[in-house]
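Under this note's numbering, the residue at position 2 of the sequence shown is numbered 2, and the numbers go up by one with no gaps.
In case anyone wonders, no lab produced these hints; they're calculated from the structure. Glycine is no exception: its CB is placed at the ideal position from the N, C-alpha and C atoms. Accuracy of the hints is not assured; some may be wrong.
[To be verified] Simulated pairs of lysine-lysine, BS3-like, Cα-Cα distance not exceeding 25 Å: (1) Lys108 with Lys42; (2) Lys51 with Lys119; (3) Lys87 with Lys51; (4) Lys156 with Lys108; (5) Lys118 with Lys108; (6) Lys118 with Lys42; (7) Lys118 with Lys56.
[Unchecked claim] Each pair of labels, with its calculated beta carbon distance range: (8) Leu38 with Asp66: 22 to 30 Å; (9) Lys108 with Val62: 30 to 38 Å; (10) Gly31 with Ala115: 38 to 46 Å.
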Amino acid sequence: MGGGGKLSVLSDPAEKDICISYELGQELGRGEFGITYLCTNKSIGKIFACKSISKKKLRTAVDIEDVRREVEIMKHLPPHPNIVRLKDMYEDDVASCHKHGVIHRNLKAENFLFANKKKIATLKAIDFGLSVFFKLGEHFTEIVGSPYYMEPDVLK
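Turn these sequences into a full structure, and let the hints steer you where they fit.
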């Protein structure tokens with residue numbers, strides 16, 4: 001998990017971007033590691049449930065192994081009318097800015113806007129005024145951003 005590399009959980013995901021094949025809809029439920037959404041396959045219009053697991057919440061090797069085991073069990077089970085079935089798996093980096101050498105440095109609710117007023121709209125990060133370019137391994141000590149959103153340790 002350490003070493004600065006990206007965390008890879010799944011051994012054989014379908015592709016990087018679930019939004020190519022599916023349209024995510026309303027939230028159906030929440031668990032310890034993620035959220036389940038209604039989703040629609042764009043090519044056939046069939047409706048599924050999509051469990052989205054946040055990698056940030058996978059804090060230990062045991063957490064990661066639990067997710068891997070869940071996927072392996074779901075792949076192993078034969079179709080049954082009383083058991084949900086695993087259709088596809090996707091894994092993304094969720095770090096587009098960092099992947100391109102940019103740190104936002106002012107993430108807060110006010111710096112995210114919805115693309116439109118539809119019930120299901122894309123959320124977009126805005127206000128890159130405090131952003132900087134960085135190189136892998138570089139450390140920053142400058143305190144920037146909105147003090148109201150900073151951790152007390154940072155303010156000390």
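Going down the list of hints, with the structure as the test:
At roughly 32 Å between alpha-carbon atoms, Lys108 and Lys42 are farther apart than 25 Å, so this suggested pair is violated. A C-alpha spacing of about 20 Å is found between Lys51 and Lys119, which places the hinted pair at or below 25 Å, so the restraint holds. About 11 Å separates the Cα atoms of Lys87 and Lys51, which keeps this hinted pair within 25 Å; it holds. Simply put, Lys156 and Lys108 have alpha-carbon atoms about 20 Å apart, close enough for the 25 Å limit, and the pair holds.
Taking the CA atoms of Lys118 and Lys108, the gap is about 22 Å. The hint holds against a cut of 25 Å. Pair hint Lys118 plus Lys42 holds up; C-alpha atoms about 18 Å apart against a cutoff of 25 Å. This hinted pair does not check out: Lys118 and Lys56 have alpha carbons roughly 28 Å apart, beyond 25 Å. At roughly 24 Å, the beta-carbon separation of Leu38 and Asp66 lies within the given 22 to 30 Å, and the hint holds.
One distance hint, 30 to 38 Å for the beta-carbon pair Lys108 and Val62, holds here, with the actual separation near 32 Å. Restraint check, Gly31 to Ala115: a C-beta distance of roughly 27 Å breaks the suggested window 38 to 46 Å.
In the structure shown, a violation is registered for the earlier hints numbered 1, 7 and 10, in ascending order.
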